[in-house]
Amino acid sequence: MMAPVSVISASGVSMVFGNNRALDSLSLEVPSGVTGLVGANGSGKTTLMSIVLGLRAPTTGSVSVLGLDPLRQGAELRANVGYGPERNVFPDDMPASDFVKHLAEVRGMPRSEARTRASDALWLVGLGEERFRALGTMSTGQRQRVKLAQAIAADPSLVLLDEPTDGLDPVQRDEMLILIRQISTDYSIDVMLSSHLLEEVERICDNVVALDAGRLVAQGRLDELVGDVEGVTVELAEIPDVPGSIDAVAARLRAAGLDVQHDPGFTRMDVLGASADDIADAVRDAIADSGARTRRIEQRRRKLEDLFHAAKS
Amino acid sequence: MTAEGNAQILDRGYRKFDGQRSGVWGAVRSTAWHSTRSVLGLGRKARHKIAPVLVIVVALIPAIVYVGVAALVGGDEFINDILEGVIPDFSALPRGSLAAIALFTGLVAPEALVRDRRDGMLSLYLSTPLTRITYMAAKLLSVGGLMAMVVLVPTLFYLFGMTFAGLGPEGFGDWASVLVKILVSGTLASLVYALVSMAAASVTDRRAFASLSVILVMLGVLTVVQILVEGAELSINWRLLDPVNMPMEMIARIFGDAGEYPALATERIYLANAGWVTASSTMLWWRYRKAGA
Numbered sequence: 444m445m446a447p448v449s450v451i452s453a454s455g456v457s458m459v460f461g462n463n464r465a466l467d468s469l470s471l472e473v474p475s476g477v478t479g480l481v482g483a484n485g486s487g488k489t490t491l492m493s494i495v496l497g498l499r500a501p502t503t504g505s506v507s508v509l510g511l512d513p514l515r516q517g518a519e520l521r522a523n524v525g526y527g528p529e530r531n532v533f534p535d536d537m538p539a540s541d542f543v544k545h546l547a548e549v550r551g552m553p554r555s556e557a558r559t560r561a562s563d564a565l566w567l568v569g570l571g572e573e574r575f576r577a578l579g580t581m582s583t584g585q586r587q588r589v590k591l592a593q594a595i596a597a598d599p600s601l602v603l604l605d606e607p608t609d610g611l612d613p614v615q616r617d618e619m620l621i622l623i624r625q626i627s628t629d630y631s632i633d634v635m636l637s638s639h640l641l642e643e644v645e646r647i648c649d650n651v652v653a654l655d656a657g658r659l660v661a662q663g664r665l666d667e668l669v670g671d672v673e674g675v676t677v678e679l680a681e682i683p684d685v686p687g688s689i690d691a692v693a694a695r696l697r698a699a700g701l702d703v704q705h706d707p708g709f710t711r712m713d714v715l716g717a718s719a720d721d722i723a724d725a726v727r728d729a730i731a732d733s734g735a736r737t738r739r740i741e742q743r744r745r746k747l748e749d750l751f752h753a754a755k756s
Numbered sequence: 296m297t298a299e300g301n302a303q304i305l306d307r308g309y310r311k312f313d314g315q316r317s318g319v320w321g322a323v324r325s326t327a328w329h330s331t332r333s334v335l336g337l338g339r340k341a342r343h344k345i346a347p348v349l350v351i352v353v354a355l356i357p358a359i360v361y362v363g364v365a366a367l368v369g370g371d372e373f374i375n376d377i378l379e380g381v382i383p384d385f386s387a388l389p390r391g392s393l394a395a396i397a398l399f400t401g402l403v404a405p406e407a408l409v410r411d412r413r414d415g416m417l418s419l420y421l422s423t424p425l426t427r428i429t430y431m432a433a434k435l436l437s438v439g440g441l442m443a444m445v446v447l448v449p450t451l452f453y454l455f456g457m458t459f460a461g462l463g464p465e466g467f468g469d470w471a472s473v474l475v476k477i478l479v480s481g482t483l484a485s486l487v488y489a490l491v492s493m494a495a496a497s498v499t500d501r502r503a504f505a506s507l508s509v510i511l512v513m514l515g516v517l518t519v520v521q522i523l524v525e526g527a528e529l530s531i532n533w534r535l536l537d538p539v540n541m542p543m544e545m546i547a548r549i550f551g552d553a554g555e556y557p558a559l560a561t562e563r564i565y566l567a568n569a570g571w572v573t574a575s576s577t578m579l580w581w582r583y584r585k586a587g588a
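Chains as they are written, first to last, in the numbering used here: chain A, 444 to 756; chain B, 296 to 588.
With the rest of the complex left out, here is chain A:
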């Protein structure tokens, strides 16, 4: 089998459920590495994952994963794909090692190999000492790790993780993200993780596919999409004698053709544009004219959030 150019390739994929268009003419190319599939709840992330796994046929369009057609070569494809579902419910009375071993076997590992690989995978995710505990007695964080272990135990080429940090506290979330990054870096396993938290995608992903209401907002390498200095974050205070001065600053900057992210009534705004110097000048002039008091101005790097903001506006 020739090495595919893209890990996942989709062309004109739409998915319609009754009157609801879950995915709308989606075309994307996902290269190797860790890819973040981002979007709000209901944006079509899980639907896209089920199409990638071959569990649903798209209404229109075609998909290729690891060079295979998920609909016609689904069994062959899924033997090489690990999947961690969002749903966090597993057989309560089953020890973690049996659970991971069983799924490794179902994904094609010989029985003896499955046992050792299950153990290795559980050690890798930090549950080596806990591997004989029943799943029902484990914490949410441990169960998320078990989901990751079962997804990687059969040595997949690609792992799909649906909201892998769901329900985790900040420390557990950090640990999970480090693990996911490690799996890709140390073992050359491509990962696509879905998340509605842009910050965690920015932390560990090489590539991004951003969806909004079933439409593609952005795709590409994360460092090409975000990261450049391209604006300022301004925090202002209102002087009682000049009510509405902050809103006036925002209005003036918008009138100058800048992209201003500011909710009326709030003291903070992000001002985006092509040139940081021009933005800084415009902000200075707008503040001076409106009579607002400056609390903080700092350079701002472009974030994933901006892509969504730009797409909506």
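Read the hints as simulated data drawn from the structure, not as lab findings.
Treat each hint with caution, since some may be false.
Simulated restraints, written as ranges between beta carbons of each label pair [claimed, not checked]:
id, chain 1, residue 1, chain 2, residue 2, range
1, B, Ile-428, A, Gly-504, 50 to 56 Å
2, A, Glu-472, B, Lys-585, 25 to 31 Å
3, B, Thr-577, A, Glu-572, 46 to 52 Å
4, A, Gly-700, B, Ile-428, 55 to 61 Å
5, B, Ile-428, A, Asp-617, 49 to 55 Å
Interface residues of chain B toward chain A, partial, derived using beta-carbon atoms under 10 Å [claimed, not checked]:
id, residue
6, Asp-313
7, Ala-322
8, Thr-331
9, Ser-333
10, Leu-335
11, Gly-338
12, Arg-339
13, His-343
14, Lys-344
15, Arg-410
16, Asp-414
17, Ser-418
Glycine included, each C-beta is placed from N, C-alpha and C at the ideal position.
For this one, chain A is given, so just place chain B on it according to the hints.
Then chain B, alone, in the frame of chain A:
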């Protein structure tokens, strides 16, 4: 150099797999075995083992009793003649376990199917080489195999027991013929019971309700048919709708016996069983066509 001198601790850690994967059949086999273990309570707490083991033992009791009696008092030609008039034919033995079989249908299919739907395993299975159809094939293999433990295994035990007691079929040809008939009829009947109970269990994600649903289909239809034929004195062909007795009738007809309802034509009995298989398979396909996506 001593063995201790050579000792090393090897940390293999997570590594790549270069071997041959077992493919779809491996996935089916593994899922079926896992499901069978789960139903029998293997690897689970003792309380999960009680009901299935009890029902299997109850299903074996008639065969054990007959074989025991034959082994204890048989041997003499005169007594053997008497015994042959008392002990059931190979085709009739499974009827002695009918209550256990009906009870087992309400136990096995709900445990095999409902757990996966309820605890999210189904969506995980469908992310493996299994498809909905091969997943159902694995479950059928498991449920059918378990049903065979109460439909087929007692008759097999009966055959071997009677053979050792000197009351088995005479000559190797007859003996082999009976063995084949037991295997074929037992497998087909187990398949019918498995599919009917799986279809009935597929209507809900609650195990207790699934058991109730299976019992309702098996015993409910049996009761209605009984009322129609015995009470309302309608045509005996209504008995063809009975999912409990028709597999038993099929076993009898495969052995060439008249069975419990000689008035029913053999072809109709085969058709009735085929009808239950078709209806149950359709129901399962319909219930699982979008499940787990």
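>> When the structure is checked against the list of hints, which entries are broken? Sort them ascending.
In response: 1, 5, 8, 10, 14
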